[in-house]
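Student: Could you fit the two chains together into a complex? Lean on the hints.
Going down the list, the sequences are from chains A and B.
In this text, residue positions in the first sequence follow our numbering: the first is 1, and each later residue adds one.
In this text, residue positions in the second sequence follow our numbering: the first is 184, and each later residue adds one.
Treat each hint with caution, since some may be false.
To be verified - Derived DSS-like pairs (lysine-lysine); straight-line CA-CA distance at most 27 Å:
| id | chain 1 | residue 1 | chain 2 | residue 2 |
| --- | --- | --- | --- | --- |
| 1 | A | 179 | B | 198 |
| 2 | B | 311 | A | 178 |
| 3 | B | 311 | A | 172 |
| 4 | B | 188 | B | 198 |
These are calculated hints, taken from the structure and not from any lab test.
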Amino acid sequence: MAHNITGCYALFYCMAPAEFSPIALKLRPRLMALGLSFFGDEEAAEDAAQEALLRLWTAWQGLPAEEDAERLAVRLTKHACIDAKRRMHTELLVPMANKTTKTEASQTTAADMLQEREMREAVVQAVSHLRPSERRLWTMFAEAQMETTQIAAATGIDVRTVSAMLSSARRKIKNELKKGGWL
Amino acid sequence: MNLEKIKIESYLEGKLPLQPELTAVPSDEELEAAEAEFDSLVAQARSQAPAEAGLQPARRASLRVRAWAGLSFIAAASVILAFILWPQSHSVVQPMPSASTAAPVLANNTASVVSESDTHAVADDCAKDAAAESRLKSLPPTSVQGAALAEAAPVSQANTKRGVEQQEPAQQKDVPNDYHAAELAAIEAETLAALSAVEAEVLQEAVEAQQQALATCNSPNQPS
Numbered sequence: 001m002a003h004n005i006t007g008c009y010a011l012f013y014c015m016a017p018a019e020f021s022p023i024a025l026k027l028r029p030r031l032m033a034l035g036l037s038f039f040g041d042e043e044a045a046e047d048a049a050q051e052a053l054l055r056l057w058t059a060w061q062g063l064p065a066e067e068d069a070e071r072l073a074v075r076l077t078k079h080a081c082i083d084a085k086r087r088m089h090t091e092l093l094v095p096m097a098n099k100t101t102k103t104e105a106s107q108t109t110a111a112d113m114l115q116e117r118e119m120r121e122a123v124v125q126a127v128s129h130l131r132p133s134e135r136r137l138w139t140m141f142a143e144a145q146m147e148t149t150q151i152a153a154a155t156g157i158d159v160r161t162v163s164a165m166l167s168s169a170r171r172k173i174k175n176e177l178k179k180g181g182w183l
Numbered sequence: 184m185n186l187e188k189i190k191i192e193s194y195l196e197g198k199l200p201l202q203p204e205l206t207a208v209p210s211d212e213e214l215e216a217a218e219a220e221f222d223s224l225v226a227q228a229r230s231q232a233p234a235e236a237g238l239q240p241a242r243r244a245s246l247r248v249r250a251w252a253g254l255s256f257i258a259a260a261s262v263i264l265a266f267i268l269w270p271q272s273h274s275v276v277q278p279m280p281s282a283s284t285a286a287p288v289l290a291n292n293t294a295s296v297v298s299e300s301d302t303h304a305v306a307d308d309c310a311k312d313a314a315a316e317s318r319l320k321s322l323p324p325t326s327v328q329g330a331a332l333a334e335a336a337p338v339s340q341a342n343t344k345r346g347v348e349q350q351e352p353a354q355q356k357d358v359p360n361d362y363h364a365a366e367l368a369a370i371e372a373e374t375l376a377a378l379s380a381v382e383a384e385v386l387q388e389a390v391e392a393q394q395q396a397l398a399t400c401n402s403p404n405q406p407s
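Excised from the complex, chain B in its bound form (with noise of 0.2 Å):
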């Protein structure tokens, strides 16, 4: 055991090797059937991956690694690009236009809705008064129906001021256009109600004045 012992102290200190294979030099027909061996596994590996065979595999994954660095800064400046890009084409709130660009634009608007629509009305309310006035034109005059024509009128002309000054302050406001068509539709049916109104109220008093007329002259107590 004391020889062991002195044997393995040696060990640890360098001067007595216990597994001399380990540092034994092969024979030449092991080295050259190893080297033969080698080159031939080299070059098959070569073969099969040609495209790589040069690069040695740190090389190779720093090429992967700054391919996949590459790809993904592609991928991130596309991203952003089109961040940047979408509100412009396909934003989903429209953006308040400014003074200078809407101005044409609500023009063309509210002429088209107060050509088509409000015009219409306005033009019909007009024909309605004329024919009214007509009526009344065939049938006697009287008092009430001179107050009446009286009150029709300034009515019937403040409407049509009313939707023609409305056009005016459509085209200096940047407000939607939907606001527009809403306060004008308001006013239109406002006007049509106001005119039916007073309409109503003319034939009706025409009417009367009619039948007094009529009874008047059917008196036989009355003297002709």
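Isolated chain A (complex conformation) (with noise of 0.2 Å):
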């Protein structure tokens, strides 16, 4: 499946950006579903469920049509079921390699790096202070990038707590950035 979204519009038709709330709403109660069917628990089950909503976001631009959307929800869903289980019994955290870090990283002095690594580590550190229910939240708008309305729509949670979650959730990191001596 191609998720590559530069020039999607100018060949042919994909997801508009304002399309994805309505279709994330319709989407959530099947994807609650898949979850609860493989834990049997409503907490988890909306973990996997937002964290499957979240990684559609990211591919959201590159899908051609709803129907694949749908599809791509379900299988991520069922994805994240998996590694949240593997999650449990392994209790491995994700290393936090990638791409676009090692390209940037290449092109600075091994200060550069050291220095950024350690601040990605105290960022990391203050987000996990937080509640998960915020954690989520502030991986949709910090990471994903995603507007309140949509993170409304993935979330089931209304607009307005959505931004007072967020509020919170930035003071509780300043917080801990500021204890670190990064702010």
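Tutor: Here is the structure:
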């Protein structure tokens, strides 16, 4: 499956960002049911559904049609369930390696690399102090760069509540980073 | 340090992702492998618990709660029903019977008590009276004997009358049978004591009168 977003609009029809919220609202119950059938736990199912919708948003603009979005969302939810199950058993964290940081790091000095790595670890540490519900919302906001309406559609939470929870999470992360001397 | 500070501020504003791996879409191979594993695990779980396979956990929990609530309701209803029905058949304290139901019962009880014990006692007393009277009749008549007979007869009649009269109020009053039995026993004892005292007195007087008569007959000075 192609997830290349560049040039999508020019060649053929792709899903618009505004279409995400209604489709996410429609898909959420189905994804939750999938998670429940696997875990039997509502919170774990919620985690899996939100993680799937977060990744779906990343691939959103590369999807040609709504049916593809639905199919990908189901597969992403199943993947999230299996991934969470493996994490429960092994208790291993996913390593932070990725291509973009490697390409950026190759152009910087060793000291800069070390300092950026420490900064990322400090941010990860600060985010880990958040409550699970806050952490999910913050990941959608800061990492997936979703808007509050899209986060509300993906989580089933009211838009104003999403804004309040994001403000609270930002304040907590700032405080943690201030304690570490990063701000 | 300034560069990191700027990056952090951008991150806090939601403009610079620092953990892209959290949003990365897995490859097709990873998705297919996860899908196959997911389906096999779910099918395995459903084969292990076929009865509850189609139920969601929330639905399962609500069914369990309803089942326990139903059982608790049935148990409570059974206890209340048993408590309501208990005094009618197994009460520790016997309830006082009503006048309509007590009358035949008391009549039967009183009749049996009177007929079996008190009537026999009265009959015995009458037989004793008759024996004493016949013995007195065999003796010579004296004024003392006549007085004793005159005295004994009303007492015997009075005791007999009291025993008979005792039956009537016993049938009318709503009182326990034990009370009547005790009262009848007391009356019987009183009657027996009175009869035996009178009988002893009469016999004593008869013996004295006989001795006097013998003495009079045997006296040499008395003219014939």
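Student: If a hint holds in the structure, say so; if it doesn't, say that too.
Tutor: Hints versus structure:
Restraint check for residue 179 of chain A and residue 198 of chain B: the C-alpha separation of about 23 Å stays at or below 27 Å, so the hint holds. Among the hinted pairs, residue 311 of chain B with residue 178 of chain A is inconsistent with the structure: their alpha-carbon atoms are about 124 Å apart, more than 27 Å. The hinted pair formed by residue 311 of chain B and residue 172 of chain A fails the criterion: a straight-line CA distance of about 117 Å is larger than 27 Å. At roughly 14 Å between alpha-carbon atoms, residue 188 of chain B and residue 198 of chain B fall within 27 Å of each other, so this suggested pair holds.
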